[in-house]
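Protein chains in written order, with the working numbering: chain A, 1 to 174; chain B, 175 to 679; chain C, 680 to 998.
Read the hints as simulated data drawn from the structure, not as lab findings. Just so we're clear, the structure is a prediction, and the values are computed from it rather than from any experiment. Every residue, glycine too, gets a C-beta built ideally from N, C-alpha and C. One should not assume that every hint holds.
Under the rule of at most 16 Å between Cα atoms (straight-line distance), these lysine to aspartate or glutamate pairs were calculated in the EDC-like manner [what the hints assert, rightly or not]:
#1 Lys-867(C) <-> Asp-893(C)
#2 Lys-308(B) <-> Asp-893(C)
#3 Lys-674(B) <-> Asp-66(A)
#4 Lys-787(C) <-> Asp-374(B)
#5 Lys-947(C) <-> Asp-734(C)
#6 Lys-857(C) <-> Asp-636(B)
#7 Lys-787(C) <-> Glu-370(B)
#8 Lys-665(B) <-> Asp-66(A)
Some chain A residues near chain C, calculated using beta-carbon distances under 8 Å [what the hints assert, rightly or not]:
#9 Ile-170
#10 Pro-172
#11 Pro-173
Distance ranges between label pairs, derived from CB positions [said to hold, decoys possible]:
#12 Asp-636(B) <-> Ile-165(A): 56 to 62 Å
#13 Trp-978(C) <-> Leu-174(A): 28 to 34 Å
#14 Asp-368(B) <-> Glu-951(C): 41 to 47 Å
#15 Arg-275(B) <-> Lys-814(C): 56 to 62 Å
#16 Asp-892(C) <-> Leu-67(A): 48 to 54 Å
#17 Phe-14(A) <-> Ala-187(B): 57 to 63 Å
#18 Glu-782(C) <-> Val-659(B): 45 to 51 Å
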Amino acid sequence: MRGSLLFTASVSGFIALLLWAGLGYPPEVQMLPLVVGLPTLALTIVLLAGEFHPPVMQWLDSALDDLWGGRQETPDAAVDQSSTSWGPVVRMMSWAIGFFAAVFLLGMFVIPPLFIVAYLVTEARMRLAGAFFASLVASTCLYAGMAFLGVDLWTGSVPEVAPGILGGGIIPPL
Amino acid sequence: MQTALAEAALRVADPAAVLMLFMGTTLGVIFGALPGLGTITALAVVLPFTFGMDPMLAMFMYSGIISSGTFGGSVPAILLNTPGTPPNAATCLDGYPMTRRGEGARALAVSATACFVGSLGGAVILLALLPVVKPVVYAFGPPEFFWLVVFGLVTIAFAAKGNMVKGLVGGGLGILLSLIGYTEMYGVYRYTLDSEYLWDGIPMVPFVVGMLAVSELISYSASGGVTASAAAGATGADWRRQTLQGIRDTFSRPLAVGRATAIGAGIGVIPGVGAGVASFLSYVVAIQGSDKPETFGSGNLEGIIASETANDAKDGGSLLPTVAFGIPGSADMALLLGAFVLHGLQPGPLLLRDHMDLVYALLLGIVISQILTSGLGLMAVPWLARLSTLPSRAIAPFVLVLVFVGMYMLRTSIFDVGLAVAAGMFGYCMRRYGFPLITVVIGFILGPLAEQAFLQSLMISDGRYDIFYTQPIVIVLMILTLATVTLPFVKSLRRWVTEKGTGGS
Amino acid sequence: MHFVKLLAIGLVSGALVLANAPETPAAYPDKPITVIVPFGAGGAYGRLGRKMGADLEKKLGVPVVVKNNPGAGGRKGAVVLFKSKPDGYTIGFVHFVSFQSNEILRGKKASIDYNKFKIILKLTDAKQFVFVNKKSPIKSLADFKKAGRPIKFATTGVGAVTWVEANALGATLGFPVKFVTGYKNLPKAALAVARGDAEAGAGGYVHVRNVLDDLRILAFISDKKDPNLPDIPTTTELGYSQLSVLGVPRIMAAPPGTPDDKLQVIRKAMQEIVDDAAFKEWALKGGFFLNPDGPDATWKVLQANAKIMEGLKPLLKKK
Numbered sequence: 001m002r003g004s005l006l007f008t009a010s011v012s013g014f015i016a017l018l019l020w021a022g023l024g025y026p027p028e029v030q031m032l033p034l035v036v037g038l039p040t041l042a043l044t045i046v047l048l049a050g051e052f053h054p055p056v057m058q059w060l061d062s063a064l065d066d067l068w069g070g071r072q073e074t075p076d077a078a079v080d081q082s083s084t085s086w087g088p089v090v091r092m093m094s095w096a097i098g099f100f101a102a103v104f105l106l107g108m109f110v111i112p113p114l115f116i117v118a119y120l121v122t123e124a125r126m127r128l129a130g131a132f133f134a135s136l137v138a139s140t141c142l143y144a145g146m147a148f149l150g151v152d153l154w155t156g157s158v159p160e161v162a163p164g165i166l167g168g169g170i171i172p173p174l
Numbered sequence: 175m176q177t178a179l180a181e182a183a184l185r186v187a188d189p190a191a192v193l194m195l196f197m198g199t200t201l202g203v204i205f206g207a208l209p210g211l212g213t214i215t216a217l218a219v220v221l222p223f224t225f226g227m228d229p230m231l232a233m234f235m236y237s238g239i240i241s242s243g244t245f246g247g248s249v250p251a252i253l254l255n256t257p258g259t260p261p262n263a264a265t266c267l268d269g270y271p272m273t274r275r276g277e278g279a280r281a282l283a284v285s286a287t288a289c290f291v292g293s294l295g296g297a298v299i300l301l302a303l304l305p306v307v308k309p310v311v312y313a314f315g316p317p318e319f320f321w322l323v324v325f326g327l328v329t330i331a332f333a334a335k336g337n338m339v340k341g342l343v344g345g346g347l348g349i350l351l352s353l354i355g356y357t358e359m360y361g362v363y364r365y366t367l368d369s370e371y372l373w374d375g376i377p378m379v380p381f382v383v384g385m386l387a388v389s390e391l392i393s394y395s396a397s398g399g400v401t402a403s404a405a406a407g408a409t410g411a412d413w414r415r416q417t418l419q420g421i422r423d424t425f426s427r428p429l430a431v432g433r434a435t436a437i438g439a440g441i442g443v444i445p446g447v448g449a450g451v452a453s454f455l456s457y458v459v460a461i462q463g464s465d466k467p468e469t470f471g472s473g474n475l476e477g478i479i480a481s482e483t484a485n486d487a488k489d490g491g492s493l494l495p496t497v498a499f500g501i502p503g504s505a506d507m508a509l510l511l512g513a514f515v516l517h518g519l520q521p522g523p524l525l526l527r528d529h530m531d532l533v534y535a536l537l538l539g540i541v542i543s544q545i546l547t548s549g550l551g552l553m554a555v556p557w558l559a560r561l562s563t564l565p566s567r568a569i570a571p572f573v574l575v576l577v578f579v580g581m582y583m584l585r586t587s588i589f590d591v592g593l594a595v596a597a598g599m600f601g602y603c604m605r606r607y608g609f610p611l612i613t614v615v616i617g618f619i620l621g622p623l624a625e626q627a628f629l630q631s632l633m634i635s636d637g638r639y640d641i642f643y644t645q646p647i648v649i650v651l652m653i654l655t656l657a658t659v660t661l662p663f664v665k666s667l668r669r670w671v672t673e674k675g676t677g678g679s
Numbered sequence: 680m681h682f683v684k685l686l687a688i689g690l691v692s693g694a695l696v697l698a699n700a701p702e703t704p705a706a707y708p709d710k711p712i713t714v715i716v717p718f719g720a721g722g723a724y725g726r727l728g729r730k731m732g733a734d735l736e737k738k739l740g741v742p743v744v745v746k747n748n749p750g751a752g753g754r755k756g757a758v759v760l761f762k763s764k765p766d767g768y769t770i771g772f773v774h775f776v777s778f779q780s781n782e783i784l785r786g787k788k789a790s791i792d793y794n795k796f797k798i799i800l801k802l803t804d805a806k807q808f809v810f811v812n813k814k815s816p817i818k819s820l821a822d823f824k825k826a827g828r829p830i831k832f833a834t835t836g837v838g839a840v841t842w843v844e845a846n847a848l849g850a851t852l853g854f855p856v857k858f859v860t861g862y863k864n865l866p867k868a869a870l871a872v873a874r875g876d877a878e879a880g881a882g883g884y885v886h887v888r889n890v891l892d893d894l895r896i897l898a899f900i901s902d903k904k905d906p907n908l909p910d911i912p913t914t915t916e917l918g919y920s921q922l923s924v925l926g927v928p929r930i931m932a933a934p935p936g937t938p939d940d941k942l943q944v945i946r947k948a949m950q951e952i953v954d955d956a957a958f959k960e961w962a963l964k965g966g967f968f969l970n971p972d973g974p975d976a977t978w979k980v981l982q983a984n985a986k987i988m989e990g991l992k993p994l995l996k997k998k
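Chain A on its own, in the form it takes in the complex (with noise of 0.2 Å):
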């Protein structure tokens, strides 16, 4: 519940930045932002209303449909979420953010092959040697690929330590 109020607050707090930030624009290019902005700010503040009210949101959404069209069962979303705890959640986020981390430094010829061993061994709980001969064949697969297509890959942002391999990856502009 408390995460969904922060979550819906946090939105509407981005497109009513976005509306402010707009303000200086010429006309024509801050047309869209605020033909769209505000009734999409308008409908968060009723989303942060129904927080409150749950009961409020629920009698909208259904009238809303009955409005148009009739009613339709919501198709179940992919996994029922809700009933995940935030721990496995914030544990894969980790997994990805970390695994980014390291790519950006050592890049994507090294790193790659261990994080499947790691994940594997770790979160799938697979045996080693299994997990191991997994990444191999995947690894393989990926590398081959890519160098039969002639697509060079990102070597890591570190100093150049084996030329087009590991490091002296050139940071683009951000």
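On the provided structure of chain A, position chains B and C as indicated by the hints.
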């Protein structure tokens, strides 16, 4: 003309041509299926190889890639809720619910068959329209574009059903995010915070892939288990039965297939409308034409037919202005145009006069490659569908590695990879709190097109708004769009009236 | 493929080093050269880079790898080139015009000092025709002013080359200019004029080729004629030679600090390629307007271009 066709047909039988077609098809399917990579990347990658190759052989390679990417992209859309290419997003809406129900093989078979019919139909329509390409291309200017895109945007409301407020917020947010970047039209940096990265805006493919694929990855690996628990005990025979069922499903709906083909090819012919519009628009029309509109979005296979058929028919359509006019119908066609020039060919009326054999080669290649794709695809369906019964935690690291490599390949920017990860985490939060992600994606893809067409129209009319409702085509498109929005209201109204009537008696 | 090439060249050069290691200093070039193209593979820069790469490979005897690094209107690839090792093994196209219009017209300073690039050779100029819709009463450049009303040009965007050209035309000939902007590329802008979205436009031969029936071409913004349409007068012939510098010079450059002797080797090879008859024919077919020039002349053209943009600055303030 007949001799050109015969010449092209003769060349198809050449072993080298068959090899090229096969390579192109394989590459197209693989690139299409990998999230983020698509036809454009595949074409860009092979372009250097075809440099110096016999143009006819190169055409076979290109056509293999062009026609097979769509089916490739629908496979992860159906099995993992992760569109392989952005236009496959509409396929997720009904494909993934079918997989969750344990009908993954059936959904894949529908997609393979729909792609085949769409591709064939697109090629036929291309040939039929070849003589009238000029008036068709000339007829569509910015005001016509505007209404077409608005029609596509209506999908947001359909995708948001059952959760209207959050869905509309998602659509609005998608449009707002798409507006970030340098606006070439007015020379203004909008919300770029002085960042060179944001100059080009938030890149579409990493954003869409992050929102849909990475967020899905987070959600399924966090909760564990398998995608289709209902199909846990399914045997090979079960999957094969489903596959046959899927083929029958498609062929028993000639009306739906024909409609989607016409829409896809039609959108394709109009240069610059964008790949996303065809599948979304076809989806809306399918809902409108259905007698059970409420089942869309929860696993109605007509949704897959609408999206995939249109998606594939679009290729034939967009080839038309490209070869006949030298004006690319879509981004991948722009690359194909470059490939033509690379081979010393000048697309346009002269190409049709002097090199019709090459055009036929391209068309034949597309059709043959599609037969290859759909045929082999259908054979592979029973195995592919088993993916949905694998433990999701074992799939996650491989998908993540592919996403990373794919996002980097696209523009060789390591920050695109970071953006995909960030969009994935944001997308997960949206998912968790009940915002339909697909509305964000639709808004993001179509928002900028709508703005551009709107502002261009006003520049043409010197600021007068009557440009949006005075030309014949514009009026037709406007009425169609407004009717689509208001029809559900009318239905509700009628239901109320009858309910009241029965209540009173 | 790059991989395989690297491996092969590694083995070969390794063998060479072993054979006669200490005496001779390594001749340049002795390993693969990378050419950075700051735009996508199918575009004009991409095609030119690809062809130049293939011909350089034959000429220099080492593999030449062409890499597309698109983004930010050509500036992303330029930054990567700027930061590459100045050892003569990384060269590339620099889209200087984008840096200039960005800095002068939009007031955005680039993160790199693009004036420090070492220019190898200007290969081609993308020069534009000025045209109007065939139904327009305007029959010559002079008619623009006689029309006595603002003329609407179709263009890709504010600050783009055709935008600069239309404004420069307006300022020189003395007529007000309006725009329909936002066309994805020049063929689409030409189509828009043919269709009647706007009255006038600018574009090269390849951009207008397919809609020629519905256009009237008034002039070629250049001092030399376009061999594809030799009947069209140039702006120099018409007495507006100050306009003739406008266009996009496609310039091959190297990172700052690249030794001059190495640049000279590449420059000589490129000059020979450009002078080759087969290359000339390829360029003509692909719509490239070959106009090779050394660094000094090229810098001069860029400065003249910048000056015209400076002159247009007030136009942007007014809006």
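Right, here's what the structure says about each hint:
no., hint, result
1, Lys-867(C) <-> Asp-893(C), "holds, 14 Å"
2, Lys-308(B) <-> Asp-893(C), "holds, 11 Å"
3, Lys-674(B) <-> Asp-66(A), "holds, 15 Å"
4, Lys-787(C) <-> Asp-374(B), "holds, 15 Å"
5, Lys-947(C) <-> Asp-734(C), "holds, 13 Å"
6, Lys-857(C) <-> Asp-636(B), "holds, 10 Å"
7, Lys-787(C) <-> Glu-370(B), "holds, 10 Å"
8, Lys-665(B) <-> Asp-66(A), "holds, 10 Å"
9, Ile-170, "holds, 5 Å"
10, Pro-172, "holds, 6 Å"
11, Pro-173, "holds, 5 Å"
12, Asp-636(B) <-> Ile-165(A): 56 to 62 Å, "holds, 59 Å"
13, Trp-978(C) <-> Leu-174(A): 28 to 34 Å, "holds, 30 Å"
14, Asp-368(B) <-> Glu-951(C): 41 to 47 Å, "holds, 44 Å"
15, Arg-275(B) <-> Lys-814(C): 56 to 62 Å, "holds, 59 Å"
16, Asp-892(C) <-> Leu-67(A): 48 to 54 Å, "holds, 52 Å"
17, Phe-14(A) <-> Ala-187(B): 57 to 63 Å, "holds, 59 Å"
18, Glu-782(C) <-> Val-659(B): 45 to 51 Å, "holds, 46 Å"
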